[in-house]
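There are 2 protein chains.
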Amino acid sequence: MQKISIAIHGGAGTILRSEMSEEKEVAYKEALQEALDAGYTVLEKGGTALDAVEQAVISLENCPLFNAAKGAVFNALGGHEMDASIMEGKTKLAGAVCGVHNIKNPVALARQVMQQTEHVLLMGEGAMDFAATIGFPFIDDDYFYDDFRYQQWLKIKDSEKFQLDHSDIKDKKFGTVGAVALDIHGNIAAATSTGGMTNKKFGRVGDSPIIGAGTYANNLTCAVSCTGSGEYFLRGVVAYDVSCLMEYKGMSLEDACNEVIHHRLQSIGGDGGLIAADANGNITLAFNTEGMYRAAKNNSGYEEVSIYK
Amino acid sequence: MQKISIAIHGGAGTILRSEMSEEKEVAYKEALQEALDAGYTVLEKGGTALDAVEQAVISLENCPLFNAAKGAVFNALGGHEMDASIMEGKTKLAGAVCGVHNIKNPVALARQVMQQTEHVLLMGEGAMDFAATIGFPFIDDDYFYDDFRYQQWLKIKDSEKFQLDHSDIKDKKFGTVGAVALDIHGNIAAATSTGGMTNKKFGRVGDSPIIGAGTYANNLTCAVSCTGSGEYFLRGVVAYDVSCLMEYKGMSLEDACNEVIHHRLQSIGGDGGLIAADANGNITLAFNTEGMYRAAKNNSGYEEVSIYK
Numbered sequence: 017m018q019k020i021s022i023a024i025h026g027g028a029g030t031i032l033r034s035e036m037s038e039e040k041e042v043a044y045k046e047a048l049q050e051a052l053d054a055g056y057t058v059l060e061k062g063g064t065a066l067d068a069v070e071q072a073v074i075s076l077e078n079c080p081l082f083n084a085a086k087g088a089v090f091n092a093l094g095g096h097e098m099d100a101s102i103m104e105g106k107t108k109l110a111g112a113v114c115g116v117h118n119i120k121n122p123v124a125l126a127r128q129v130m131q132q133t134e135h136v137l138l139m140g141e142g143a144m145d146f147a148a149t150i151g152f153p154f155i156d157d158d159y160f161y162d163d164f165r166y167q168q169w170l171k172i173k174d175s176e177k178f179q180l181d182h183s184d185i186k187d188k189k190f191g192t193v194g195a196v197a198l199d200i201h202g203n204i205a206a207a208t209s210t211g212g213m214t215n216k217k218f219g220r221v222g223d224s225p226i227i228g229a230g231t232y233a234n235n236l237t238c239a240v241s242c243t244g245s246g247e248y249f250l251r252g253v254v255a256y257d258v259s260c261l262m263e264y265k266g267m268s269l270e271d272a273c274n275e276v277i278h279h280r281l282q283s284i285g286g287d288g289g290l291i292a293a294d295a296n297g298n299i300t301l302a303f304n305t306e307g308m309y310r311a312a313k314n315n316s317g318y319e320e321v322s323i324y325k
Numbered sequence: 017m018q019k020i021s022i023a024i025h026g027g028a029g030t031i032l033r034s035e036m037s038e039e040k041e042v043a044y045k046e047a048l049q050e051a052l053d054a055g056y057t058v059l060e061k062g063g064t065a066l067d068a069v070e071q072a073v074i075s076l077e078n079c080p081l082f083n084a085a086k087g088a089v090f091n092a093l094g095g096h097e098m099d100a101s102i103m104e105g106k107t108k109l110a111g112a113v114c115g116v117h118n119i120k121n122p123v124a125l126a127r128q129v130m131q132q133t134e135h136v137l138l139m140g141e142g143a144m145d146f147a148a149t150i151g152f153p154f155i156d157d158d159y160f161y162d163d164f165r166y167q168q169w170l171k172i173k174d175s176e177k178f179q180l181d182h183s184d185i186k187d188k189k190f191g192t193v194g195a196v197a198l199d200i201h202g203n204i205a206a207a208t209s210t211g212g213m214t215n216k217k218f219g220r221v222g223d224s225p226i227i228g229a230g231t232y233a234n235n236l237t238c239a240v241s242c243t244g245s246g247e248y249f250l251r252g253v254v255a256y257d258v259s260c261l262m263e264y265k266g267m268s269l270e271d272a273c274n275e276v277i278h279h280r281l282q283s284i285g286g287d288g289g290l291i292a293a294d295a296n297g298n299i300t301l302a303f304n305t306e307g308m309y310r311a312a313k314n315n316s317g318y319e320e321v322s323i324y325k
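First to last, the sequence lines map onto chains A and B.
Per this note's numbering, residue 17 is the first one in the first sequence, and the count goes up by one each step.
Per this note's numbering, residue 17 is the first one in the second sequence, and the count goes up by one each step.
Misleading hints may appear alongside valid ones.
Because identical chains cannot be distinguished in the list, a pair is counted as satisfied if it fits within a single copy or across any two copies.
[Said to hold, decoys possible] In silico lysine-lysine, BS3-like type, Cα no more than 27 Å apart, as pairs:
1. 173 x 217
2. 173 x 40
3. 217 x 265
4. 171 x 120
5. 61 x 106
6. 106 x 265
7. 108 x 217
To be clear, the hints were calculated from the coordinates, so they are not data collected in a lab.
Predicted, not measured: the structure shown is a model, and the values here were computed from it.
One chain only, chain A, in its complex shape (with noise of 0.2 Å):
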């Protein structure tokens, strides 16, 4: 029987479960299972891994929870400012996209980037263009309005202060959500997307659009997404890390994964997590953060869909 299986995350951070009462864990796992059994569902129809890890981040990015899309949070000029990307492992093609602004789904857009143009990454209102030229659809201001994420941004607004969606406030978590994926056909996939900071401000630019560091698939080697202190991760090349520490130095998916989250990235103070998969049907859920929103499956026997470590 030919593998499948998939993993997404919906942010890591510190969770505490002393701010996390029953009724929020419940819908943070409905969620979760939501989004895990979207793309899964891909997966055991045939489908590619390429399909199910965007129909699995839209579903997150759908979700007012997560800081992705619907649920993006407030950036400094009390606007909304998402990135996201896409990378398949077979060809190793990517699309990305950030500072993108009323786009319901940017994961969506950036795999458009990846299918109609010879490029990789577009920026701001020219990512805007580019959705308008081929006709991708936009959504208004007030899709993405939260009162909860509102709420976040006038208490900092006035401040010096970005926030990734945690510290000093209840809810502490790196808001991005992501996805890898091994679909029937042998082929690994991989998105994230991310509302970025709250009160950011000056186009700061994260891990989660960039090829090698928030995202990177190589059927060679693994899928990977992640999600935690962008510019560590930026500086940390993270996800490509794990790769190469697997093609270079013959490491196992779950080795690489943990010398690159526990290790590496801790030695220059960077935290959070990401999720990885390989052809052979192996998944690894990685944190040094209290804890990762995350969900995994595959078709043997094996479902998870955990909070905390």
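Using the hints provided, position chain B relative to the given structure of chain A.
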């Protein structure tokens, strides 16, 4: 004697001898020599590799012959959008900007991002706001006007073509500039700057401002600056790939650069080159194109200013 060394590039591509006049060749070589000297002088005086690569790149940015800053090509809107990045091998700190305009020296702004923010990458108008906030000087559009670049753009502006400052036209090259250096303190650094693609649309971002793709530096391995078909360098995570081959496979700087440029990059269809330095005083200038504008110098008597193979 502690070794010092520096290497610079002014882009790679199919630089045809038949299109190059003796006069033009002299002008290019003089400009390369000037940039080399600007960086080497810093090192000779005991300055840092970070200062040396910044000064060398500023010299190249100020020269209209190269596609960066002063010589930046025109984008689809008839304007100039520039990207730059810089990284320090000792601290693995990095700074970068993408899609900026009216900035005389984007590499200097990238360094300010590294030193004055907790961020790595700032994009577009947000990066411009950051520049304004720190009192970074702006310069008029006129500064970037160059008749040769304007004629390049006029020829293709009504087409769907993008140009990496090469192909179809006489002056065939990938337009990027960069520098790597080793200082007397044993630290290395790398910097890259580009004016992008002629008739560039949709806010396309290449590898130049991306840490791990176009620029990387780590004292334990190497400092790298790339130039070439940016999308392939992004997908290949080229600069960090050189570092990983050294760190994880124990390759020498030269072997790692050759493996990446002549095998791994070519296997996905990418062309271009890179310059690299390590903390032991080694320098490698590798490219899989007809030529690369390049120069290098150390304090053991080696000095080179070259264009062709």
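Going through the hints against the structure:
When the C-alpha separation of residue 173 and residue 217 is checked against a cutoff of 27 Å, the pair qualifies only within one copy, where the shortest distance is 10 Å, while the shortest distance between copies is 33 Å. Proximity of residue 173 to residue 40 under the C-alpha cut-off of 27 Å is restricted to the intra-copy arrangement: shortest distance 26 Å within a copy versus 54 Å between copies. When the C-alpha separation of residue 217 and residue 265 is checked against a cutoff of 27 Å, the pair qualifies neither within a copy, at 39 Å, nor between copies, at 40 Å. In this assembly of identical chains, the alpha carbons of residue 171 and residue 120 lie at most 27 Å apart only when taken from the same copy (26 Å versus 37 Å across copies).
In this homomeric assembly, residue 61 and residue 106 come within 27 Å of each other (Cα to Cα) only inside a single copy, at 19 Å, whereas the closest approach across copies is 50 Å. For a Cα distance limit of 27 Å, the shortest separation of residue 106 from residue 265 qualifies both inside one copy, at 21 Å, and across copies, at 24 Å. Only between protomers do residue 108 and residue 217 lie at most 27 Å apart by alpha-carbon distance; the minimum there is 23 Å, versus 32 Å within a single protomer.
In terms of the numbered hints stated before, the structure departs from hint 3 and from no other.
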